[in-house]
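S.K.: Chains as they are written, first to last, in our numbering: chain A, 484 to 1162; chain B, 8 to 265; chain C, 313 to 636.
In short, the hints are calculated from the structure, not lab data. Computed from a predicted model, the values in this text were never measured in an experiment. Built from N, CA and C at the ideal position, the CB exists for glycine as well. Please note that the accuracy of each hint is not assured.
Chain C residues, not near chain A, derived (Cβ > 12 Å throughout) [stated by the list, open to error]:
1) Leu-444
2) Ser-502
3) Thr-513
To give an idea of the chain A side of the interface with chain B (calculated C-beta under 7 Å), a few residues [what the hints assert, rightly or not]:
4) Asp-937
5) Trp-939
6) Gly-944
7) Gln-948
8) Glu-951
9) Gln-1149
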Amino acid sequence: MTDSDFPALASPFSIRDVELRNRLVFQPHFTALAHIDGMPSEDLEAYHVERARGGAGLIVDGSMAVMEEGKMSRRFLAIYDPRAVEPYQAMTTRVHELGAKIFGQLTHGGHTSLEHPPNVMWAPTQMPEPSSNFTTKAMDESDIRRTVAGFRQSGANLIAAGFDGVEVKIAHDGLLRSFASPFFNRRTDRYGGSFENRMRLPLECLSAIRETIGEDRPLGVRLCLHEYTPFGYDLDYGLRMAESLEGSGLVDYFNCDAGSFSSFWMEIPPAAIPQGHFRPLNQALKQASDLPVVAFGRLKQPDLAEHMIATGEADLIGMARQLIADPETPNKLLSGRAEEIRACIGCNDACLHQVVQEKGVRCVQNPAAGRERFLGERLLVPTAEPRNVVIVGGGPSGMKVAEIAARRGHHVTLLEREDVLGGQARLAARQPLHEEFAEVTAYLEGALERLGVDVWLNVEGDAEQLLELDADVLVVATGSQPNLPAERSPEHDPDAGAIARERGLQAVTPIPGLELDHVLSADEVLRGTHSPSGRVVVVDGNGHWEAAGTAEFLADAGCEVEVLTHRPMVGHDLEATNFALFVQRAGEKGISFSAFTEVRAVEPDGVRAVQTLTGAERFISAEAVVPVYPRRSRDDIYFDLFDKLDGREGVRLERLGDAAAPRLVQSVLSEAHVFAAEI
Amino acid sequence: MRLCVCVKEVPSSLVSLRLDPDSRRLVRGKGRLNAPDVHALEEALRLRDEAGDGEVVLVSMAPEHAVDALRHGLAMGADRASLIADPALAGSDLVVTARVLAAALERERPDLILFGWESSDSGGAMLWAAVGERLGLPVLSRVWELRTDDGTVWGRRQMEYGFDVVQAALPCAVAISGAINAPRHPSLKGLVASKRTEVDRLSVADLGLAPSDVGETGARTRVLGLRRPPEREHGTMIEDDEHAAEQLIEHLIERGVL
Amino acid sequence: MSPSTLVFVEEREGELVPGSLGLLAKAAELGGEPVALLCGSGVRDLAEELGNWGAARVLVAEAPELDGPLAQPRVDVLAGVLERGGYDTVLFENSALTADVAAALAARLYAGVNWDLVDLRMEDGELVGERLAVGDTVLVDVAWTGEPRIAVVRRGILDPSAEGARTADIESVDVAVDERSTRVALVERSSDRSQKTSIETAEVVVAGGRGIGERDNLRLLEELAEALGGAVGVTMPLVDRGWYPYAHQVGQTGHTVRPRLYLACGISGAVQHRVGMEKSGTIVAINSDPTAPIFRYSDVGVVGDMLEIVPRLTQLIRDRGLSA
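Next comes chain A alone, as it looks inside the complex (with noise of 0.2 Å):
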């Protein structure tokens, strides 16, 4: 009974002299977590001391730049300064401690930039790369020199910072990429002008760092195999660089990629790339080289990573934002508790959408993420004092105070309305191409279970009848409901918020016509009591998923959808991944945009609009109205159990998630953890 569910992924794997204890690679990313100057710091240490806690056989670290004007974003590390040496060793021993191997990938910025305005972009040619609008230096052969060099001082700082290999990026933003690339570089000199002239550069460098390496260690590129661009390279280009390289007998292994930055949604695929999709990329990197593969792109599933090194299609299997999501998967996957594991849900709101804007990681699903020094499951402290917490609403913030709660060993009883957990999570699933949201609450209701957590379905009750469940710890987490009328909230989910009302702690959208049959909820919607046809004008005040997914979910129901927003943009507030292809997937399904428009009335036909810049009025004919305005909190309860408890000793009472104040999921998670960390 102790031989692995997946044999493959649990065998060892050797990269030259460095034996990995099994399949699993967590892919170099961007973390920002580095310091202003570059320095790696502690929260970066203990980012990947918990991956090499949770079981993954290789760390790749990314983002390290090997020269100043290499750096994409200041938080970029500097491993081509020397004293970063020394701050990584402590590190790199942490991680072998652990069982897991590290290799650092190097890289330089060149044409791309995450800072606003960049600095000064290397390239081959002048030009700006398609989607920035800052154009570049086309280098000479004393920046070229010095890249060079870059590459070699960097590798030589990796080693001597405890590194067990070196990868280089030669994939979907930098350097090296853009002079491979027949688009980017037109030069007529040595390093452009012919096949061979393009990979002058990128073997260059790689031919500087095995000498200062040597043989023995691992030396791998990260390599963009498809472009996925009108003017870029395709998978044939790929592969032809990919037996350069492999000839120039410099390379260990490699690294898959795919996208570019006018692509960028290839790069780090949102949950709208079906998993897996990125699979003959791999598969074709393998038949045609004799190098070990690691395969990439939304690889979660424990049987398609098994599948995927059981066949040959690869030899170690990348994850990057599942191990974010959850560090232990390895552990988990290997030990039979592969049921437990957290999965990542591809939304791309809290890694890369923080990072892009030079913050430090996070996760949605993970509220440790880029802060394992201070939050995560193996921090809890267990409780010396097991309290009655009671919690009022199981949707992602009741259960999550349930689970954290729970594992510090206090008594939790949930109790929920609804006959399933998962409140509004469970709409969110129900929008297009947003199947994986439902993960998040998938997570919870099996942790919940295991940790024996008494949970009531169907249950509704008055704060007289909480009270006598003499609760030391009382969570009001019943969520929000959409912002309309009260009269218009239908009968199975009735206006919760009266009492905030009648003491101006809540206010009601001040929009006439909100209260006409012919306006519903996003709630309705996606519930699927009301099914509106014909022309339909959804309201984004919202900017995130809530209005932009159901747009797309009555698109999807035959509806002619004419989205309108105050702001610049329809779903101006989602993640740059998901609004690009979300914009591709409305031109696709016909639904139509109107920007800086605000709904004055709504009508028994229609709404009465207004262009906000210019004050224009126009009438938009529709058979129903979908407003989509920040939402309500359900707060009766709270009020109500507020007011009884008078301030009593030894009850404490706590509103948390949209009852407190809607909000993402990602903010309602956080501070559910943080709270039931602490009681």
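We have chain A; now place chains B and C onto it with these hints.
M.R.: The following block gives chains B and C in isolation, referenced to the frame of chain A:
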């Protein structure tokens, strides 16, 4: 009328169910009432409410942590609960379980004993017959529809070929089929009440049994060992090349399925 | 030492249940001469057939009390036969009737019963049963302490074999049914198959999962089910979305089905679903993802788009007048 409902606690999904390789016993995490048993309880509550008086008693042989699951039954409206939780019971098999439950039921002298059809954590669908036999009671099993009237109980019984109707006089043991009814939800009021209802604890000694009558010594079966099942032989795979439907039909005819 | 095995052969609607005939072959494999016990009323002609399936001897118990499929009179017969000695093992194939008979017999004799067995074997002179547990992810070897050993085999596992065909000796056994065992009366018998097919009793279940994509596509499943005279099953997510009633939900939180033919269309096959259908006779899976776990426990797997394949199947079945 006194109705006893035999219930067990099962994990709410297979997630928390595993076999302990050392003791070779099924380790059930804390769970909830076996879903078919909830249907049996609903049936008991209905009969009690229709009769206008009577008492519904939950009887369970389970580890101490099952008390929370029993509270759910109390919150639905059961009047009392008896939990036979005794470390000596570990390793009991079907005949031991029947012996213990029968001893507990004998103390209650119920008119009707109800069981859910099948527990979701094992394929066993037999316990009621053994309990009925020990108590010398008639047994109606796989009942899809249940009526009682003046000391008689009728059951519509689901068989392989359709439905039979069977009848017996009370007292009687009845095992009901899965989704015979839509169980009521516990109310918060019921929850509050259930937290205040004492669950009776019975030990093996309370039932007049010796420790050697139960557990592994009382059992007449034993577990020799656990293994990983051989990979199911890979079935025939058909890649769809426009003719998959035709190929599938041929396979099914060949297998004698069509 | 080989066991002396008594095989309980079930008669249903005037026919011998095939799986219980399969027990005769299994008994022969375990060693010794299998003896069949056939209970009923007017079943003597059927008893003649049992030699064809390997019975060395057939005990026939005939009595009016044994006419209907009621357990307790049969327990009396079995207890009587066992009391007279000569048998250390009793085999049943699981059914509505035999489950009750086996359990009550065990309680009456205080004998060990192992059920849901998928196989039996002799190991160092000891009878060992094999049972699958925890969603069939663990195989448990079980044994008995003391005799008789009562074994109930999972339905549909054993096939009859004519290999050991012979002419069986047929003996009548005296039937003494206790008054206590006649207190259940069969009021009405039904073999009406025209009732709305319940998925738990259907011979064919056509089931759909997330892979069906849109609600409207459920129609494709309904059409195929109709063509095959079966019922539609769905996975939890579909019920969860309100696309289909709970009565049709297959799986851990839904219903357990054991049809002769189970067609899983667009179902990935998580363990929660698996436990609800794995005991089906023939399992066919249609899924576009070749790595879907469902293929690991399917008899026939089709990699392709169910939205194209299912309608073609329906058409072919109708055109060729096929039935399950």
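S.K.: If a hint holds in the structure, say so; if it doesn't, say that too.
M.R.: Results for each hint:
1. Leu-444: Non-interface label on Leu-444 of chain C holds, nearest chain A Cβ at 14 Å vs cutoff 12 Å.
2. Ser-502: holds, 34 Å
3. Thr-513: holds, 27 Å
4. Asp-937: Given a least distance of 5 Å, the restraint on Asp-937 of chain A holds.
5. Trp-939: With Cβ-Cβ at 6 Å, under 7 Å, it holds.
6. Gly-944: The hint holds - Gly-944 of chain A has a Cβ within 7 Å of chain B, the shortest such distance being about 3 Å.
7. Gln-948: With a minimum Cβ separation of about 5 Å from chain B (threshold 7 Å), the hint on Gln-948 of chain A holds.
8. Glu-951: holds, 5 Å
9. Gln-1149: violated, 25 Å
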